[in-house]
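Q: Here's the letter readout for the chains.
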Amino acid sequence: MDAEPAAAAAAVVAGPAQLERTVIKAGDHVIIRMPSSNTKIVCIRADSTVSLGKFGSFNANALIGRTFGHTFTIVQNGQIEPHHQAGFDAADITSANNQTIVDDPKSQKLSFEEIEGLKKQSLLGAVSSEEIISSLTENNEAFAQKTEFSKSKYIRRKQSKFNKSFVPLETTAYNLCEFFFEVNAQKTRGVRTDTLAQMLALANVYAGARVLCVDDGQGLVVGALLSRIAGGCVLGVHDGDVANYDVLRYINEPTEGRLRTLAWNKLNHQQPAFAEPELAADASENDVLGRARRLRGHQKLADTLAEVRQGNFDALVVSTKYAARKVVIRLLPYLGLSRMVVVYDQCREPLTEVYAWMRDSHAFVNVQLTEGWLREYQVLPSRTHPTMSTSGGGGFLLSAIYVGGGGV
Amino acid sequence: MFHEYKNVIEDGDTVIVYLNHNSMSPLKVEAGQVYNNRFGTFKHDDMIGLKYGSKVVNKDGRGFVFLLHPTPALWTQVVPHRTQILYLPDISFISLYLDLRPGKVMIESGTGSGSFSHSIARTIAPTGHLYTFEYHEIRAQTAKKEFIEHNLTSVVTIEHRDVIANGFGKANIADAVFLDLPAPWDAVAAAKAALRKDTIGRICCFSPCIEQVQRTALALDEHGFSDIRMYESLAKDYEIRNVPQPDIDEVIDGQRVSFKPVKNDKKKRKLENGSAGSGTDTDANGSTIKELTVTKPTDVVRGHTSYLTFAILAPEEGDDVDMSE
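Top to bottom, those sequences are chains A and B.
The opening residue of the first sequence carries number 1 in this note's numbering; numbering runs sequentially from there.
The opening residue of the second sequence carries number 409 in this note's numbering; numbering runs sequentially from there.
Hints listed in this document are in silico derivations from the structure and should not be mistaken for laboratory results.
Heads up, the beta-carbon is just placed ideally off N, CA and C, and yes, glycines get one too.
Don't take every hint at face value.
[Stated by the list, open to error] For each label pair, taking beta carbons as the anchor points, the in silico distance ranges come out as:
(1) B/Arg-637 - A/Lys-187: 19 to 29 angstroms
(2) B/Cys-617 - A/Gln-310: 48 to 58 angstroms
(3) B/Pro-705 - A/Ser-51: 42 to 52 angstroms
Kindly produce the complete structure, drawing on both the sequences and the hints.
A: Here you go:
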């Protein structure tokens, strides 16, 4: 295939423009993964201190300008140092086994007080975590009898307690979804990473897409949709007067121009013309600003209503606490033909009702109800296996292609 | 076509002909041509000018099909298999994990049947780029022809190349690398060379066997990749049915009960009344049947595709990094 056909050769780009390098900026939200593998979201404000609890704290300025994904260790005085993550250990199968090891709290010769003392010194930076761990293993009578794998596991467990290294992670859609699923799954209606990924793929979201979305899970779905959109837009239909898309504030990218929101009670709203009279020449500054603000609000609603009523949206993506069938019915008139409807729920029953309705309606083809099935593995030389505990479920998806016609 | 929607079918477009859930096929619409399937004969001329999603009736007015807009997800369901392909649960999970978005530059090897390539192209278009490599010459040519037909050449460059022997011929350009090769560990060094060094790089290796995962993980570790994590991503399909739930008391009282599901036309009527789903109905004898709408996993599901081994290549961070900001 050395000789390019003319048509293809003409279209080959000279070289791709790379996206800007992402560095941690003041004001960014960052997910910090701690030695325990627990994560927390912190805002990196200039001149502030970031506390990682028992793992210590560091000066936020030390992280500004750094890149995501690297491992850092907290050293003295709130400073951090790039740290090369230890690779795989070379533990191998040996003849040692646990035949003669008896569970005995006395096998550790260091007292509780001595260990606490080491931890205190470690927080001050006087003792390294490696030093603590080696004194623990040296003073543990059972350690020498352990198998190589068991020794390695013991050390990994102690590292997750005493290490002071952390990894700053970007608040990507994947990382945010994983974070909320672990920390507060109810906030995001229990959507797991694989399920969120399937929503985006099924909905066929692309840069220029116009997506109609109902997200009662605090904006995680809206945020994930926005991460795939450049030029298109997401129109979020929401409860109350103002959309509660709390998750969006963790995403370090502006949403202006790509996100519009409309309250449900404005869906059928017939907006009158802006009726406030012009202000007198001597009106107070407050009156002038107030009128300007109300005019902007009026115009914004007018624009959003015009966008909705233009219809022909490219996807309808729903994660709602309301009865989903009606939600779909009310928004379907705005969806283009041969476009996807994707409905998420943490439970199957609410979707079963929608499934039965779609199946018997003539307006949909390719109706599918699926459940994601995700399994993580520990990968270590000769010790690869599924993790001992895993999530029992990550939600259900109902998807269909809307072809219009009667029946809705 | 595959990376944006249009509304009306034009001469030269690829459409997905939908017969039913289990039967779909791609069709290139060309003026003057005729399309035959078991539902009858359809003239391409009748399709041109219709809206995507339209139902077309065959010549004698009996059979009909829907003409759907192509999408990467539908393409995965209809692509002619030249190799084992990737399916939606893997495709979507890998794409989200690798943080694919408009503007990203990605490397894929091998191209295989192009199932994943279409999806990557859709996600990174219009400003990103996919370099995809296939060592099998005929497969590379076929995929190339498809990319041209599907108007993807501004986003996808395909090269016939053995990347294990020759590398990718790219340095410092990719945000993400995907390796679907028999021996991905032999391509890890090339992947490292191709990944950007100024920002975080991500890799996914796709292997069906655990022994491959072991070797790949060791190679990733040796080459300085970190955060090695491995997943399986699958999906269960559910089917739906209505199950009659007669009352045992009626039997105790000596009545006969029916286990026949409610007829479809009755259900349609219920639909019009806006009450589909579980409920009660009356059978021909006038006795009341309780019905439950239930779902169950399909009898056979895809139980394994491949293991997804992910890792990141963290940017170089030395003491020489300028920290003044």
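Q: Next, verify each hint and record whether it holds.
A: Checked hints:
| no. | hint | result |
| --- | --- | --- |
| 1 | B/Arg-637 - A/Lys-187: 19 to 29 angstroms | holds, 24 angstroms |
| 2 | B/Cys-617 - A/Gln-310: 48 to 58 angstroms | holds, 51 angstroms |
| 3 | B/Pro-705 - A/Ser-51: 42 to 52 angstroms | holds, 46 angstroms |
The structure agrees with every numbered hint stated previously.
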